[in-house]
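Residue numbers (the numbering used here), protein chains in the order written: chain D, 1 to 286; chain Z, 1 to 139.
Worth double-checking, as some hints may not be accurate.
As the list claims (entries may be wrong) - Distance ranges between label pairs, derived from CB positions:
no. : chain 1 : residue 1 : chain 2 : residue 2 : range
1   : D       : A143      : Z       : F61       : 19 to 27 Å
2   : D       : L111      : Z       : K102      : 24 to 32 Å
3   : Z       : I124      : D       : R71       : 51 to 59 Å
Said to hold, decoys possible - Chain Z stretches covered by chain D per the calculated footprint, using a threshold of three residues with CB under 8 Å from any CB of chain D:
no. : stretch
4   : 23-29
5   : 32-46
If you're looking for bench data, these hints aren't it; they were derived computationally from the structure.
Just so it is clear, the structure is predicted and the values come from calculations on it, not from any experiment.
For each residue, glycine too, the CB sits at the ideal point set by N, CA and C.
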Amino acid sequence: MSGAKEIRTKIASIKNTQKITKAMEMVAASKMRKAQDRMRATRPYAEKIQNVISHLAHAHPEYHHPFLVKRETRRVGLIIISTDRGLCGGLNINLFKIAIAAMKEWDANNLEIDLNLIGSKSNAFFKRLGGNVVSTASHLGDAPSIIELIGTVKVMLDAYEEGRIDELHIAHNLFVNTMTQQPELKQLLPVLGADDEALKTHWDYIYEPDSKPVMDALMIRYIESLVYQGVVENVACEQAARMVAMKAATDNAGSLIDELQLIYNKARQAAITQEISEIVGGAAAV
Amino acid sequence: MTLHVDIVSAETEIFSGTATMIFAPAEMGEIGIAPRHAPLLTRLKPGEVRVQTDGGDEQSFFVSGGMLEVQPHVVTVLADTAIRAADIDEAQALEAKERAEKLLADKTADIDYAKAQAELAQSIAQLRAIQKLREKVHR
Numbered sequence: 001m002s003g004a005k006e007i008r009t010k011i012a013s014i015k016n017t018q019k020i021t022k023a024m025e026m027v028a029a030s031k032m033r034k035a036q037d038r039m040r041a042t043r044p045y046a047e048k049i050q051n052v053i054s055h056l057a058h059a060h061p062e063y064h065h066p067f068l069v070k071r072e073t074r075r076v077g078l079i080i081i082s083t084d085r086g087l088c089g090g091l092n093i094n095l096f097k098i099a100i101a102a103m104k105e106w107d108a109n110n111l112e113i114d115l116n117l118i119g120s121k122s123n124a125f126f127k128r129l130g131g132n133v134v135s136t137a138s139h140l141g142d143a144p145s146i147i148e149l150i151g152t153v154k155v156m157l158d159a160y161e162e163g164r165i166d167e168l169h170i171a172h173n174l175f176v177n178t179m180t181q182q183p184e185l186k187q188l189l190p191v192l193g194a195d196d197e198a199l200k201t202h203w204d205y206i207y208e209p210d211s212k213p214v215m216d217a218l219m220i221r222y223i224e225s226l227v228y229q230g231v232v233e234n235v236a237c238e239q240a241a242r243m244v245a246m247k248a249a250t251d252n253a254g255s256l257i258d259e260l261q262l263i264y265n266k267a268r269q270a271a272i273t274q275e276i277s278e279i280v281g282g283a284a285a286v
Numbered sequence: 001m002t003l004h005v006d007i008v009s010a011e012t013e014i015f016s017g018t019a020t021m022i023f024a025p026a027e028m029g030e031i032g033i034a035p036r037h038a039p040l041l042t043r044l045k046p047g048e049v050r051v052q053t054d055g056g057d058e059q060s061f062f063v064s065g066g067m068l069e070v071q072p073h074v075v076t077v078l079a080d081t082a083i084r085a086a087d088i089d090e091a092q093a094l095e096a097k098e099r100a101e102k103l104l105a106d107k108t109a110d111i112d113y114a115k116a117q118a119e120l121a122q123s124i125a126q127l128r129a130i131q132k133l134r135e136k137v138h139r
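Produce the complete structure using the sequences and hints provided.
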């Protein structure tokens, strides 16, 4: 019966694992709901600031902000937003794949790349892969606050303003629904003006005190809000992906237990049959 | 006549509704905005944004700076949640840079914990197998 005992301990250990994955699944589900609410809460600001920016693009201020001006590209900045923790399926790897594909393309065009990494998974990954990392941020938690991002975004914005980079891109996961998260790479700088024909009338704001400081402040906040939105969305993606991954793990553990239980039962049955036949054989011999 | 007021911060929506008058701490001094004000864009100082609603009562919100956009019938306050100042921002940027340098310099932190755990589990399993083999040999 030694085989049977081993199987029994194996089943017990898988049951323990299953309990853990089940608990993680439920924790992720509740965190996901909160993360989705947070994601929704950031939307009004982003929409409002987007409106103001598109107004600005069509108004005719005497000052042209560098963020709105396209120039020849020699060096590209890339912000990559990953999770802090693993066990969330292929979420990070899928994101890194598109980031690396874009980096290869830039490399082929002789463009140099500056990396800004948010989240410890991307820190670990791109450290091993190599790359010019200029700023990082990690351990933002489940409820990231914009204060923690200001510094790392400023590094890239300063680089853009000083002409060290000529384009800024961001890679993060889009929350489509609970089952689907889509990695996305988009351009932040220079800002691509939204073409809205209806707005193309000649009017301008009154700027207080002057158009330059107002636009500077506005542009910085705009980019920050886009990055912040990416971070918040990525948290929602992380929880959703973890929930799905843990559900799959729990199901797999269940089917593994069923299989082992069957093997255990067979082994037990075989042992009993053998014992009976031995007794019967013994009795016949007497 | 009323105007629509939205007060939003990057992290959440603070207020949305109609008002007859709104007061805000603009950079050049407090301004009051009535409906049909000319388009205006200005920075805000830390202070109080007061919204007078239809019923005549007044609601006030504290903002630690931000932007104010005025359209004839829509006023948008983009409030900051953090105290912003050039030197504070600068310090945070420096911190982010230092973190990056530390990351690249730190050779020991290269261990990916998930990978290390998997390797540990594997070696424990191997040890167990060796122990079992030994037991069998001794028997």
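Now the hints, each set against the structure:
1. A143(D) to F61(Z): 19 to 27 Å: 21 Å, holds
2. L111(D) to K102(Z): 24 to 32 Å: 27 Å, holds
3. I124(Z) to R71(D): 51 to 59 Å: Once the Cβ atoms are compared, 57 Å apart, the range 51 to 59 Å for R71(D) and I124(Z) holds.
4. 23-29: holds (count 3)
5. 32-46: Coverage by chain D holds here, the residue count being 6 at a Cβ distance below 8 Å.
The structure fails none of the hints (numbered hints given earlier).
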